[in-house]
Amino acid sequence: MSSPLYDNYLKVQRRRLRLIALSRISLLVLFLMLWELAAKWKWIDSMLTSKPSLLLSSFRELAFEGSLLRHTWISGLETLVGIVISMLLGTAIAVLFWWSTFASNVLEPYIVVLNALPKVALGPIFYIWLGDRYSIYGMAVAISIIVTIIMVESGFREISRTKLKLMESFGATRFQMLRMVLLPASVPHFIATLKVNVGLTLVGVVMGEFLSSKAGLGYLIIYGGQVFQMNLVMVSIMMLALLSVILYGFVNVLERFARKKYNYEA
Amino acid sequence: MAQIELKDVGLSYFTLKQETEALRDINLSIGQGEFISIVGPSGCGKSTLLSLISGMLKPTQGKILIDGHEVSGVSPKVGYMLQHDHLFEWRDVLSNLLVGAEIRKMDRGKAKRKAMDLLERYGLGDFAYHGPSQLSGGMRQRVALIRTLVAEPDILLLDEPFSALDYQTRLTLSEEVFQIMKDQGKTAVLVTHDLSEAISMADRVMVMSQRPSTISSVYDIRFDEGDDLSPWKKREAGRYKIYFNAIWKELEEHVVPSV
Ligand SMILES: Nc1ncnc2c1ncn2[C@@H]1O[C@H](COP(=O)(O)OP(=O)(O)OP(=O)(O)O)[C@@H](O)[C@H]1O
Ligand SMILES: [Mg+2]
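Going down the list, the protein sequences come from chains A and B. The working numbering numbers the first residue of the first sequence as 153 and each following residue consecutively. The working numbering numbers the first residue of the second sequence as 95 and each following residue consecutively.
Keep in mind that the hints were calculated from the coordinates and are not lab data. Be aware that a few hints might be false.
[What the hints assert, rightly or not] Mimicking EDC-like on lysine to aspartate or glutamate, the simulated pairs with C-alpha atoms at most 20 Å apart in a straight line are:
1. Lys171(B) <-> Glu319(B)
2. Lys171(B) <-> Glu188(A)
3. Lys152(B) <-> Glu320(A)
4. Lys317(A) <-> Glu254(B)
In isolation and in its complexed conformation, chain A is listed as follows:
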């Protein structure tokens, strides 16, 4: 069916994609090799910088002993719970703001100030109020919820301007508008918010663990720093990177599913 010109075009595109993937992997391999060799030839002090082979062995050690995976699991779970809470709570508050323009107008300056406030500063307060375990959720939610409210609400506002006229013409109630238009039309905004939230919530969780916890990757990093074990610090950071990759993967799968179901373009 397709013309030779089109076949050729596809071939060129595919080759390009393969080249990009290959370059990405090579870059990582090159970086690790350089690191390893630099440590081996004493260009750098592996006490300070660690090195890949050392990381691998300490990863094996830590993973075998079970504690690394447990700490990763704990941080992962905290992040997941944090994301869910701030998405639900943030959306609920955005709905409230949409429902009552008065409330939204009254609270707007407070939201702006809260958004600008560095949430780390609240750490001690969360610690005292919520204890060492729940303060982590406090921090995670504090960092991501304001952005959630702002993003979801601005989505609502845009949708209201363009998509509610029809609902009004049929005499829809506000609840019907919410259920039939605002929420389904916001799916792309939810996904975009989720993407931002994965990063922010992870920051919140690690920050919370720095300040107070007895477990999790943030705790491991602080602990490793205190006992001067660079391997431990580096391995934990890698696990953090891995964790964010996995969470982004989740969101991407969700996005593909949502795009099919709600039939929107990215």
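Once you've looked at the hints, dock chain B with the ligands against the given chain A.
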């Protein structure tokens, strides 16, 4: 008794900056099954008038009656086809058609049968489960029209329903809409910028003046060739040119002062 009645209706928009008087002293009565076209300079308040009849807006003066009852809020008797099609891309064609029925809590099975029936009749039967993005502009307008009809209104308000279409589709679609209205005996109010559309579809053409606008005149459209001519035939009928020129001239008078 007239089905739609406007008595000394006036409407002003209020914003913090200013007050805009859009309509003043509108008196109008429209009978059951009548087809009215409204023409007038841009910004004179035609859409506002439709919103008033639909109940989406409340008049600041006078009152509006539908079947003898004063309008308060959107009435299920009225179907308002907006200028833009407003199809929801997260719903397929069929469930877009059911939006009105869903809002008004009508029997879902019955609405669905009606929607399928109308889709079939207007040549869109194969598209029931397609997304709106897979339709052409003319198809989308047709879907929007069917969506209005599925809610079973007695009165149809059409706000420049064909303005987004190319000339050819426009002619065909206006022909179809005219047939649908006549078949079902519905009352229709059509706002348009296209004079030939206004004359060929309506029993009466209403011309509105500049803002604050009133109805400056009403033309009864009658042809010697008979009463049930299709829009197509009307465009070729003898008196068509006379109406066209008269209305054209009057509109020109309204438009010129502001330029
Ligand atoms: N929500 C609003 N708030 C304030 N003024 C408004 C509002 N809607 C319309 N107007 C004003 O009322 C007047 C009439 O508007 P309307 O949309 O009814 O005109 P129209 O005849 O439909 O115009 P067009 O032919 O361009 O569609 C305009 O001058 C417009 O600026
Ligand atoms: Mg208008």
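Review point. Taken at face value, is the distance from the CA of glutamate 319(B) to the CA of lysine 171(B) at most 20 Å?
Key: violated, 34 Å
Review point. Given the hint that lysine 171(B) pairs with glutamate 188(A), does the C-alpha gap stay at or below 20 Å?
Key: This hinted pair is violated, its Cα atoms lying about 78 Å apart.
**Study point:** Given hint glutamate 254(B) paired with lysine 317(A) - CA-CA distance at most 20 Å
**Key:** The hint holds at about 15 Å.
Point to revise | Satisfaction of hint between glutamate 320(A) and lysine 152(B), Cα-Cα up to 20 Å | key: holds, 13 Å
Violated hints, in rising order: 1 and 2; the structure is consistent with all others.
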